[in-house]
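Q: Here is how the chains run, residue by residue.
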Amino acid sequence: MAMLEIKDLEVCYGVIRAIKGISFEVNQGEVIALIGANGAGKTTILHTITGLIPAKSGSIMFEEKDLLKTPPHKIVGMGMAHVPEGRRVFQNLSVLENLKLGAYTRKDKAEISESLKMVYERFPRLEERKNQVAGTLSGGEQQMLAMGRALMSKPRIILMDEPSMGLSPLLVSEIFDIIRVISESGTTVLLVEQNAKKALSIADRAYVLETGNIKLSGKASDLINDESVRKAYLGE
Amino acid sequence: MSFLSYLVSGISLGSIYALIALGYTMVYGIAKMLNFAHGDVIMVGAYAIYTICITWGLPPLVGVLGSIVICAVLGVVIEKVAYKPLRKASSLAVLITAIGVSYLLQNAALLIFKSDTKSFTSVVNIPSLDLFDNQLHIQGETIATIVVSVIIMIALNLFINKTKPGRAMLAVSEDKGAAQLMGINVNSTISLTFLIGSALAAVAGALLCSSYPALSPTTGAMPGIKAFTAAVFGGIGSIPGAMIGGVLLGVIENLSKGYISTQFSDAIVFGVLIIILLFKPTGLLGKKINEKV
Chain A
204 MAMLEIKDLE
214 VCYGVIRAIK
224 GISFEVNQGE
234 VIALIGANGA
244 GKTTILHTIT
254 GLIPAKSGSI
264 MFEEKDLLKT
274 PPHKIVGMGM
284 AHVPEGRRVF
294 QNLSVLENLK
304 LGAYTRKDKA
314 EISESLKMVY
324 ERFPRLEERK
334 NQVAGTLSGG
344 EQQMLAMGRA
354 LMSKPRIILM
364 DEPSMGLSPL
374 LVSEIFDIIR
384 VISESGTTVL
394 LVEQNAKKAL
404 SIADRAYVLE
414 TGNIKLSGKA
424 SDLINDESVR
434 KAYLGE
Chain B
156 MSFLSYLVSG
166 ISLGSIYALI
176 ALGYTMVYGI
186 AKMLNFAHGD
196 VIMVGAYAIY
206 TICITWGLPP
216 LVGVLGSIVI
226 CAVLGVVIEK
236 VAYKPLRKAS
246 SLAVLITAIG
256 VSYLLQNAAL
266 LIFKSDTKSF
276 TSVVNIPSLD
286 LFDNQLHIQG
296 ETIATIVVSV
306 IIMIALNLFI
316 NKTKPGRAML
326 AVSEDKGAAQ
336 LMGINVNSTI
346 SLTFLIGSAL
356 AAVAGALLCS
366 SYPALSPTTG
376 AMPGIKAFTA
386 AVFGGIGSIP
396 GAMIGGVLLG
406 VIENLSKGYI
416 STQFSDAIVF
426 GVLIIILLFK
436 PTGLLGKKIN
446 EKV
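From first to last, the protein sequence lines are chains A and B.
The C-terminal residue of the first sequence carries number 439 in our numbering, and the numbering is unbroken.
The C-terminal residue of the second sequence carries number 448 in our numbering, and the numbering is unbroken.
Everything labelled a hint here was simulated from the structure, so no lab data went into it.
Fair warning: there could be bad hints in the mix.
Unchecked claim - Pairs of lysine to aspartate or glutamate, DMTMM-like flavour, derived with a Cα cap of 25 angstroms:
| # | chain 1 | residue 1 | chain 2 | residue 2 |
| --- | --- | --- | --- | --- |
| 1 | A | Lys312 | A | Glu300 |
| 2 | B | Lys317 | A | Glu213 |
| 3 | B | Lys317 | A | Asp269 |
| 4 | B | Lys319 | A | Asp211 |
| 5 | A | Lys303 | B | Asp330 |
| 6 | B | Lys331 | A | Glu430 |
| 7 | B | Lys319 | A | Glu213 |
| 8 | A | Lys272 | B | Asp421 |
| 9 | A | Lys333 | B | Asp421 |
| 10 | B | Lys317 | A | Asp211 |
| 11 | A | Lys310 | B | Asp330 |
| 12 | B | Lys331 | A | Asp269 |
| 13 | A | Lys303 | B | Asp271 |
| 14 | A | Lys268 | A | Glu331 |
| 15 | B | Lys243 | A | Asp311 |
| 16 | B | Lys331 | A | Glu300 |
| 17 | A | Lys357 | B | Asp288 |
| 18 | B | Lys319 | A | Glu317 |
| 19 | A | Lys333 | B | Asp288 |
| 20 | B | Lys319 | A | Glu228 |
| 21 | A | Lys357 | B | Glu329 |
Unchecked claim - Which chain A residues stay away from chain B? Per the calculated CB distances, all over 10 angstroms, these:
| # | residue |
| --- | --- |
| 22 | Gly254 |
| 23 | His285 |
| 24 | Pro287 |
| 25 | Lys303 |
| 26 | Pro327 |
| 27 | Ile427 |
In this text, a Cβ means the ideal position worked out from N, Cα and C, and glycines have one as well.
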């Protein structure tokens, strides 16, 4: 059984069907990319998985528990972290306070400071700026903070929404290197990206979304050579 | 000496405004709504003390504690019944509902306690203070109000900045969705905010009616409006802003009463508010609100 299994998911905004009954799965240890144009429904899917918006029908099973029947604030404690689109760090709180909020559901103080050490090792810049107010960080630093904050919950799966958005090419590469490291340390990754080339370069498998439907799916290495994908998403 | 006396009683009155303003500003910060029924919670609290201490003859401490519990529960119930179903509604609908709750409380009090003004007995039992060869006379109530308010404000600051539920309140007030992703229960955090705000209103009611001992169903209305003004003055959503705004408002009001005109003191207070908002539309400590696109 897959770690995360989405079946016939339908999501509506008022009368508009944003997600038109899609199914996909994420297996333990994989990096899965959801790619597609603006408005295809990528962010909506992630928001529905972590309960930020309600689903109309279908099911989302995470380690055999139905997330659609779970109170949203309980999801992170089950081992699923979400790095939302636009980072959404707490602008008025310090870097350290943001990271501590990431560990909100955890109790063991020693383990939390262990995680904090790990996050600082992975993102040395966050340690340098730990007392700085998050709103004053650069876009790249805020992305790192959002990722670090998610890691503070010690997730088994991490959902990342457009981590490359608004960043310089150099930073994009840095962020993708970090995603690879996170994956290699055993965390499963579900990645939503408009930067299809980058996403396919680190993913094991990918799903191509088009206006609320899955149009294509397969191994990332196959998709990257697929004629239609190259034309539509890789600009070739 | 009269200046000092006006100043001290202004600080005392202002501390009461500050306690009430904290309720407005915390609820605004977290639920992005103006809870216009907040002033009437003060009145309910004062009637609770009146009933417990005068009708039943129990000691003042029991009255104050009972009033805090009643108001805290009332605040949570108001949120659950009246405001929670409207969380996604337009702010105008919420505002009208808040005004409706305000009238409901006032009329319920009118029904139960009738319209005659009750004379409230002070819950404060400390001697007054005479300073500078008896030239400056400070009431026990004034001292108690200032001391209690300072303690509450320090405790509230510690709670918000040092405890987990306090941090959760800050997180929810900034971004409900992101707070939920951290595992924070947004609904119970909002309830907690109403609970604390209403408990503070109960304390404010006890102190207010001890200094100004006339109690009627509209007792909470004017202090409520003044405290709301104080919250806007300090920057709505800002906790230190509400504290500073409240104290400043009380001082300005009392000095205007002392030196300019008793009748015009309210006009002067609101005039100062208008001038401040002209130059600093977000209030003294208010932050610029970034509208999300």
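Q: Now tell me, hint by hint, if it's right for this structure.
A: Outcome of the hint check:
1. At roughly 15 angstroms between alpha-carbon atoms, lysine 312 of chain A and glutamate 300 of chain A fall within 25 angstroms of each other, so this suggested pair holds.
2. A distance of roughly 42 angstroms separates the Cα atoms of lysine 317 of chain B and glutamate 213 of chain A; the hinted pair therefore is violated under the 25 angstroms criterion.
3. Distance restraint check for lysine 317 of chain B and aspartate 269 of chain A: the Cα-Cα separation of roughly 35 angstroms exceeds the 25 angstroms cut-off, and the hinted pair is therefore not satisfied.
4. The suggested pairing of lysine 319 of chain B with aspartate 211 of chain A is violated, with an alpha-carbon distance near 38 angstroms, which exceeds 25 angstroms.
5. Taking the CA atoms of lysine 303 of chain A and aspartate 330 of chain B, the gap is near 16 angstroms; set against the 25 angstroms cutoff, the hint holds.
6. As the CA atoms of lysine 331 of chain B and glutamate 430 of chain A are separated by approximately 42 angstroms, the hinted pair breaks the 25 angstroms bound.
7. For a cut-off of 25 angstroms, the pair hint linking lysine 319 of chain B to glutamate 213 of chain A is broken: about 36 angstroms separates their Cα positions.
8. Note on lysine 272 of chain A and aspartate 421 of chain B: the hinted pairing is violated, with a Cα-Cα distance of about 54 angstroms set against a maximum of 25 angstroms.
9. Restraint check for lysine 333 of chain A and aspartate 421 of chain B: not satisfied, since their Cα atoms lie roughly 46 angstroms apart, outside the 25 angstroms limit.
10. Distance restraint check for lysine 317 of chain B and aspartate 211 of chain A: the Cα-Cα separation of roughly 44 angstroms exceeds the 25 angstroms cut-off, and the hinted pair is therefore not satisfied.
11. Distance check on the hinted pair: lysine 310 of chain A and aspartate 330 of chain B sit about 23 angstroms apart at the alpha-carbon level, within 25 angstroms; holds.
12. Proposed proximity of lysine 331 of chain B and aspartate 269 of chain A is supported: the alpha carbons are some 23 angstroms apart, at most 25 angstroms.
13. Between the alpha carbons of lysine 303 of chain A and aspartate 271 of chain B the distance comes to roughly 54 angstroms, so the proposed pair goes past 25 angstroms and is violated.
14. Distance hint between lysine 268 of chain A and glutamate 331 of chain A is unfulfilled; the C-alpha atoms sit about 39 angstroms from each other, more than 25 angstroms.
15. Distance restraint check for lysine 243 of chain B and aspartate 311 of chain A: the Cα-Cα separation of roughly 36 angstroms exceeds the 25 angstroms cut-off, and the hinted pair is therefore not satisfied.
16. Between lysine 331 of chain B and glutamate 300 of chain A the alpha-carbon distance is near 16 angstroms, which keeps this suggested pair within the 25 angstroms criterion.
17. Only pairs whose Cα atoms come within 25 angstroms are accepted, and lysine 357 of chain A paired with aspartate 288 of chain B is rejected, the gap being roughly 67 angstroms.
18. Taking the CA atoms of lysine 319 of chain B and glutamate 317 of chain A, the gap is near 19 angstroms; set against the 25 angstroms cutoff, the hint holds.
19. A threshold of 25 angstroms between alpha carbons decides the hint, and for lysine 333 of chain A with aspartate 288 of chain B the separation of about 55 angstroms lies outside it, so the pair is violated.
20. The straight-line distance between the Cα atoms of lysine 319 of chain B and glutamate 228 of chain A is roughly 35 angstroms, outside the 25 angstroms bound, and the hint therefore fails.
21. Our distance criterion of 25 angstroms between C-alpha atoms is met by lysine 357 of chain A and glutamate 329 of chain B, whose separation comes to about 23 angstroms.
22. At roughly 7 angstroms from the closest C-beta of chain B, the C-beta of glycine 254 of chain A falls inside 10 angstroms, breaking its exclusion from the interface.
23. At the 10 angstroms boundary, the C-beta of histidine 285 of chain A falls inside the reach of chain B, the nearest C-beta of that chain being 5 angstroms off.
24. With a closest Cβ-Cβ approach of about 6 angstroms to chain B, proline 287 of chain A is found to fall inside the 10 angstroms limit, against its non-interface label.
25. A cut-off of 10 angstroms between C-beta atoms contradicts the statement that lysine 303 of chain A is not in contact with chain B; the least separation is 7 angstroms.
26. Separation of proline 327 of chain A from chain B is adequate, the least Cβ-Cβ distance of about 23 angstroms exceeding the 10 angstroms criterion.
27. Here isoleucine 427 of chain A stays apart from chain B, with its beta-carbon at least about 31 angstroms from theirs, past the 10 angstroms limit.
Violated hints, in rising order: 2, 3, 4, 6, 7, 8, 9, 10, 13, 14, 15, 17, 19, 20, 22, 23, 24, 25; the structure is consistent with all others.
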